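Produce the complete structure using the sequences and hints provided.
In order, the protein sequence lines correspond to chains A and B. Heads up: the first sequence at position 302 corresponds to 302 in my numbering, and the numbers run straight through without jumps. Heads up: the second sequence at position 11 corresponds to 11 in my numbering, and the numbers run straight through without jumps.
Derived from the structure by calculation, the hints contain no laboratory data. Values in this document were obtained by computation on a predicted structure and should not be read as measured data. Fair warning: there could be bad hints in the mix.
[What the hints assert, rightly or not] Here are a few chain A residues that face chain B, going by a calculated C-beta distance under 8 Å:
1. Phe-37
2. Val-64
3. Leu-138
4. Val-147
5. Tyr-285
[Unchecked claim] To give a feel for the contact side, a few chain B residues facing chain A, derived at Cβ under 7 Å:
6. Asn-60
7. Trp-85
8. Phe-101
9. Val-134
10. Leu-223
11. Ser-259
C-beta atoms are modelled at their ideal positions from N, C-alpha and C, and glycine is treated no differently.
So the chains spell out like this:
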Amino acid sequence: MRPSAAKSIGLRDVEASSYLRPRLSNLARERIAGYLFIAPDAIGLLIFVAGPMLLSLSLGFFSVSGFGEYSFVGLDNYRRMLADPLFWRSLTVTIIYVVALVPLLYATGLGLALLAKENSRFNTVVRSLMFMPQTVSLVVVGLVWQVLLIDKIGLITRFGGVFGLGSISWLGDPRFALATVIAISVWFLMGFYMLIFLGGLHDIPREYYEAARIDGAGPVQSFLKITLPLLQPTSFFVLLVSTVAAVCGSQTFDLIYVMTKGGPANSTSLAIYYIYQQAFLFNEYGYAAAMASVLVVILMALTVLMFLLTKGGRFTYG
Amino acid sequence: MANAAANPLAEVDATQRAMLRPVQLVLYLASVMLSLIAVAPLFWMVSMSLKPTDEVFRTNLVPHHSTLDNFVYVFTKVDFLRDLWNTFFVSASVTVIALIFHSMAGYALARLRFPGRDAIFLAMFSTFLISQPVIIVPLFVLTRALGMLDSYAGLIIPSIFNAFGIFMLRQFYLAIPRELEEAALIDGAGYFRIWFSIILPLSRPILSALAILFFLANWNNFLWPLTVTSSQDLWVVQVAIASFHEQYNGSWNYIMAASTVVAAPTIIMFVIFQKRIIESIKTSGIK
Chain A
1 MRPSAAKSIG LRDVEASSYL RPRLSNLARE RIAGYLFIAP DAIGLLIFVA
51 GPMLLSLSLG FFSVSGFGEY SFVGLDNYRR MLADPLFWRS LTVTIIYVVA
101 LVPLLYATGL GLALLAKENS RFNTVVRSLM FMPQTVSLVV VGLVWQVLLI
151 DKIGLITRFG GVFGLGSISW LGDPRFALAT VIAISVWFLM GFYMLIFLGG
201 LHDIPREYYE AARIDGAGPV QSFLKITLPL LQPTSFFVLL VSTVAAVCGS
251 QTFDLIYVMT KGGPANSTSL AIYYIYQQAF LFNEYGYAAA MASVLVVILM
301 ALTVLMFLLT KGGRFTYG
Chain B
1 MANAAANPLA EVDATQRAML RPVQLVLYLA SVMLSLIAVA PLFWMVSMSL
51 KPTDEVFRTN LVPHHSTLDN FVYVFTKVDF LRDLWNTFFV SASVTVIALI
101 FHSMAGYALA RLRFPGRDAI FLAMFSTFLI SQPVIIVPLF VLTRALGMLD
151 SYAGLIIPSI FNAFGIFMLR QFYLAIPREL EEAALIDGAG YFRIWFSIIL
201 PLSRPILSAL AILFFLANWN NFLWPLTVTS SQDLWVVQVA IASFHEQYNG
251 SWNYIMAAST VVAAPTIIMF VIFQKRIIES IKTSGIK
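Below you can see the structure in the form of structure tokens.
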């Protein structure tokens, strides 16, 4: 450890001279500096992220009153979960939401990236416009879409009238509300995944496409034989991140809170929203934590997958 | 020989190009259509905010009698300036503190050697995918136990810590050449001085990109401020418009005016910094 440390801080050439003695204290100084530099974030993450993570795994075994009194109840909250039809309902809604949203985001993200792939002034503007919804808060997004979808007089409802769909209540009918929320989520999120795919597409060397063209490959063939295989790491990343976003991204709460409050007939009651309701409307903190712990376990498994995928947390910048 | 090889290729090129022209046109049109779909709802929001009550639900995008009355109403009925200031103060505080902490941590993880460094990195990584909505209940219970409910500290401190910024900065610092620090080390500079006067100035491009992303994320954050604050003095704009929406349900011209005020700062920021924002997100995936 020590020789290599000295080597890489570049003191090898001078270590025989007067730098020999301070070298030991240099090492100690480096260690102390390391701990001091890492301390604020390490302690903060421990208290405000890791702490709640672990707490959510244990809080589920307690009953917590609104005033912060705890009593151990064992598996009661988990048993109650299994018998709660609304929990199963929110789980079903969440699964439908994830299963629909992830492929849609993959398709729209990749499609838009292919569309705006070439670097030109036109495409720069297109990329910016596609990404624009991401910069607006989800509360505003929820309000704007709600006004567009108001029964009978909303702009989109009226536009639907042209196709004979004017009587549909997009957010008020249990048959359509979840699909509407999914569509709005795609509209909001697709620009982000377009950019991630663009990063991946721009890393594929141009020469591959030229070589394929010379060999007589058409656009479809070069997409299937070059783009898709070489895009694999990006695809995995997108699938993973969009799955996490579909389970517990902020849109799963904000949009629901603003537009539907989980209704009509619990048809948009996503898990995150149901957990919030139980905790902060009904003061059932222990029960809410028990449900959240299921999500935490799923996310931890996905994190392990992500760690393997990024070869130990290698993210690139610039 | 060379001619014979080049000619059929040129022919293929020419026919392909001729075929591509209508395809290209369709693709251009598709790009324009999709871009419009992406931004049209935002234009509609601004349009409604400028319309008088009797015109709100007409289908014209440009108001016949545009008026600023809706904005005046919003600012006189609600203490919106206070909410805007709260949001700015909280977002700016989180951004500045987070960037300082993350830069220090990223530097230590990339450059300094100390026992347990890899274990600490792993532990930080394990929090990567955990977002606030998942841990909202225990985070609330914890913040209550720390006596930080309904305070600026409660709004700011729990939002500072996230692994994403640490990783981006660590990655950036791994790519900085060591020579600069070595010279300073030999000159007897301490690590804090090296970080402050060499590393920080070098990381300006990534710090500014992260600053924009953090500020936007915090300005737009809704769930945590909604959960942690109860007194109206501490409201941020997102909580304020959600409550305004419930109070003035149906008065959509007022609600859209309030929404426009809330969205304007982030949209303007995006328009100004779009190149940097788009580049930093484009390159944040894995390769």
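| Proposed interface contact between Trp-85 of chain B and chain A, which counts if any beta carbon pair is under 7 Å | violated, 17 Å
| Would the hint on Leu-138 of chain A stand, with a C-beta cut-off of 8 Å toward chain B? | holds, 6 Å
| task | Let me know if the C-beta of Leu-223 of chain B comes in closer than 7 Å to any C-beta of chain A, holds or violated. | result | Where the cut-off is 7 Å and the nearest Cβ of chain A is about 5 Å from Leu-223 of chain B, the hint holds.
| task | Go through the hint on Phe-37 of chain A and say holds or violated, using the shortest Cβ distance to chain B against 8 Å. | result | holds, 4 Å
| Should the interface hint for Val-147 of chain A be scored as holding, given a Cβ-Cβ cut-off of 8 Å against chain B? | Hint on Val-147 of chain A: holds, closest Cβ of chain B at ~5 Å, below 8 Å.
| request: Go through the hint on Asn-60 of chain B and say holds or violated, using the shortest Cβ distance to chain A against 7 Å. | output: Violated, because the Cβ-Cβ distance from Asn-60 of chain B to chain A comes to roughly 11 Å (cut-off 7 Å).
| Should the interface hint for Phe-101 of chain B be scored as holding, given a Cβ-Cβ cut-off of 7 Å against chain A? | holds, 4 Å
| message | Next item in the hint list is Ser-259 of chain B. Is there a CB on chain A closer than 7 Å to its CB? | response | Since the shortest Cβ distance to chain A is 4 Å, the answer is holds.
| message | Is the interface hint satisfied for Val-134 of chain B? The criterion is a beta-carbon contact with chain A at less than 7 Å. | response | holds, 5 Å
| task | Mind checking the CB of Val-64 of chain A against every CB in chain B and telling me if the closest is under 8 Å? | result | holds, 7 Å
| request: With a cut-off of 8 Å on the beta carbons, see whether Tyr-285 of chain A makes it to chain B. | output: holds, 6 Å
Hints 6 and 7 from the list above are not met by this structure, while the remaining hints are.
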